[in-house]
Amino acid sequence: MDTRKLLEELENVIMNAGDVPFTNKKMIDGDEVARLIDAINQSLPNELDSARRIVSDKERILLEAEKKADDTIAQAKDYIARITEESELVKQAQERANEVVSSANKSAEELRTGSVTYATDVLKYLETNIENVLEDLKKNRESLIASNSASKKQNSK
Numbered sequence: 001m002d003t004r005k006l007l008e009e010l011e012n013v014i015m016n017a018g019d020v021p022f023t024n025k026k027m028i029d030g031d032e033v034a035r036l037i038d039a040i041n042q043s044l045p046n047e048l049d050s051a052r053r054i055v056s057d058k059e060r061i062l063l064e065a066e067k068k069a070d071d072t073i074a075q076a077k078d079y080i081a082r083i084t085e086e087s088e089l090v091k092q093a094q095e096r097a098n099e100v101v102s103s104a105n106k107s108a109e110e111l112r113t114g115s116v117t118y119a120t121d122v123l124k125y126l127e128t129n130i131e132n133v134l135e136d137l138k139k140n141r142e143s144l145i146a147s148n149s150a151s152k153k154q155n156s157k
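Heads up: the sequence shown begins at 1 in the UniProt record's numbering, then just goes up one per residue.
In case anyone wonders, no lab produced these hints; they're calculated from the structure.
Hints should not be assumed to be uniformly reliable.
Said to hold, decoys possible - Cβ pair distances, simulated, as ranges:
| # | residue 1 | residue 2 | range |
| --- | --- | --- | --- |
| 1 | Lys139 | Ser56 | 25 to 33 Å |
| 2 | Gly18 | Asp57 | 22 to 30 Å |
| 3 | Asp2 | Gln154 | 33 to 41 Å |
| 4 | Leu44 | Val20 | 12 to 20 Å |
Stated by the list, open to error - With a straight-line Cα cutoff of 27 Å, these simulated DSS-like cross-link-like pairs (lysine-lysine) come out:
| # | residue 1 | residue 2 |
| --- | --- | --- |
| 5 | Lys25 | Lys124 |
| 6 | Lys138 | Lys153 |
| 7 | Lys58 | Lys68 |
| 8 | Lys58 | Lys138 |
| 9 | Lys106 | Lys91 |
| 10 | Lys152 | Lys138 |
| 11 | Lys67 | Lys106 |
| 12 | Lys106 | Lys26 |
| 13 | Lys139 | Lys25 |
| 14 | Lys5 | Lys26 |
| 15 | Lys139 | Lys124 |
| 16 | Lys5 | Lys138 |
| 17 | Lys25 | Lys106 |
| 18 | Lys139 | Lys153 |
| 19 | Lys58 | Lys106 |
| 20 | Lys153 | Lys5 |
| 21 | Lys152 | Lys26 |
Every residue, glycine too, gets a C-beta built ideally from N, C-alpha and C.
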């Protein structure tokens with residue numbers, strides 16, 4: 001279960017808990033709250049690990065794209081060297097080699113651009129989700145603090 005759903009479930013448990021008569025306190029199922037807090041603690045590292053994996057994948061994809069581009073360029077240069085050695089096809093070989101190098105450079109740039117775009121989109125998605133989770137945690141914490149403060153004021157009267 002994702003963290004957001006667990007937080008909603010925790011909020012429901014707290015909001016739907018029975019009231020303690022003549023106070024602003026709630027009677028909650030401690031085992032249920034402990035289970036939900038444990039599940040939240042377990043899900044957050046998973047989401048953070050997922051973000052780390054995506055960053056790692058982005059770096060791996062970029063390295064693979066650069067290696068593929070370098071390999072393609074090296075192959076194009078080898079092709080140029082072999083073709084230019086043959087005297088009667090020198091002009092044709094040069095033209096073809098230039099096309100191959102240009103195509104390889106274009107492919108390499110497309111791979112780099114695509115990899116960066118993909119990684120940026122995924123990281124933005126994760127950033128938004130983590131910000132939402134953190135905002136939910138903050139609201140729940142503030143709600144608990146406010147509830148506790150209200151019950152302290154009620155008890156002091």
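Verification of the supplied hints:
One distance hint, 25 to 33 Å for the beta-carbon pair lysine 139 and serine 56, holds here, with the actual separation near 31 Å. Between glycine 18 and aspartate 57 the beta carbon distance is about 48 Å. The supplied range of 22 to 30 Å is therefore violated. A C-beta distance of roughly 35 Å is found between aspartate 2 and glutamine 154, which places it inside the suggested range of 33 to 41 Å. Distance hint check for leucine 44 and valine 20: the Cβ-Cβ separation is about 31 Å, which falls outside the suggested range of 12 to 20 Å.
At roughly 40 Å between alpha-carbon atoms, lysine 25 and lysine 124 are farther apart than 27 Å, so this suggested pair is violated. Restraint check for lysine 138 and lysine 153: satisfied, since their Cα atoms lie roughly 22 Å apart, inside the 27 Å limit. A distance of roughly 15 Å separates the Cα atoms of lysine 58 and lysine 68; the hinted pair therefore holds under the 27 Å criterion. A C-alpha spacing of about 30 Å is found between lysine 58 and lysine 138, which places the hinted pair above 27 Å, so the restraint is violated.
A distance of roughly 23 Å separates the Cα atoms of lysine 106 and lysine 91; the hinted pair therefore holds under the 27 Å criterion. Between lysine 152 and lysine 138 the alpha-carbon distance is near 21 Å, which keeps this suggested pair within the 27 Å criterion. With a C-alpha separation of about 14 Å, the suggested pair lysine 67 and lysine 106 falls inside the 27 Å cut-off, and the hint holds. Simply put, lysine 106 and lysine 26 have alpha-carbon atoms about 65 Å apart, too far for the 27 Å limit, and the pair is violated.
Using a Cα cut-off of 27 Å, the hinted pair lysine 139 and lysine 25 holds, with the two alpha carbons roughly 18 Å apart. Taking the CA atoms of lysine 5 and lysine 26, the gap is near 22 Å; set against the 27 Å cutoff, the hint holds. The suggested pairing of lysine 139 with lysine 124 holds, with an alpha-carbon distance near 22 Å, which does not exceed 27 Å. Pair hint lysine 5 plus lysine 138 holds up; C-alpha atoms about 15 Å apart against a cutoff of 27 Å.
Taking the CA atoms of lysine 25 and lysine 106, the gap is about 66 Å. The hint is violated against a cut of 27 Å. For a cut-off of 27 Å, the pair hint linking lysine 139 to lysine 153 stands: about 21 Å separates their Cα positions. The hinted pair formed by lysine 58 and lysine 106 meets the criterion: a straight-line CA distance of about 20 Å does not exceed 27 Å. The suggested pairing of lysine 153 with lysine 5 is violated, with an alpha-carbon distance near 32 Å, which exceeds 27 Å.
Under the criterion of a C-alpha separation no larger than 27 Å, the hint pairing lysine 152 with lysine 26 is consistent with the structure, at around 13 Å.
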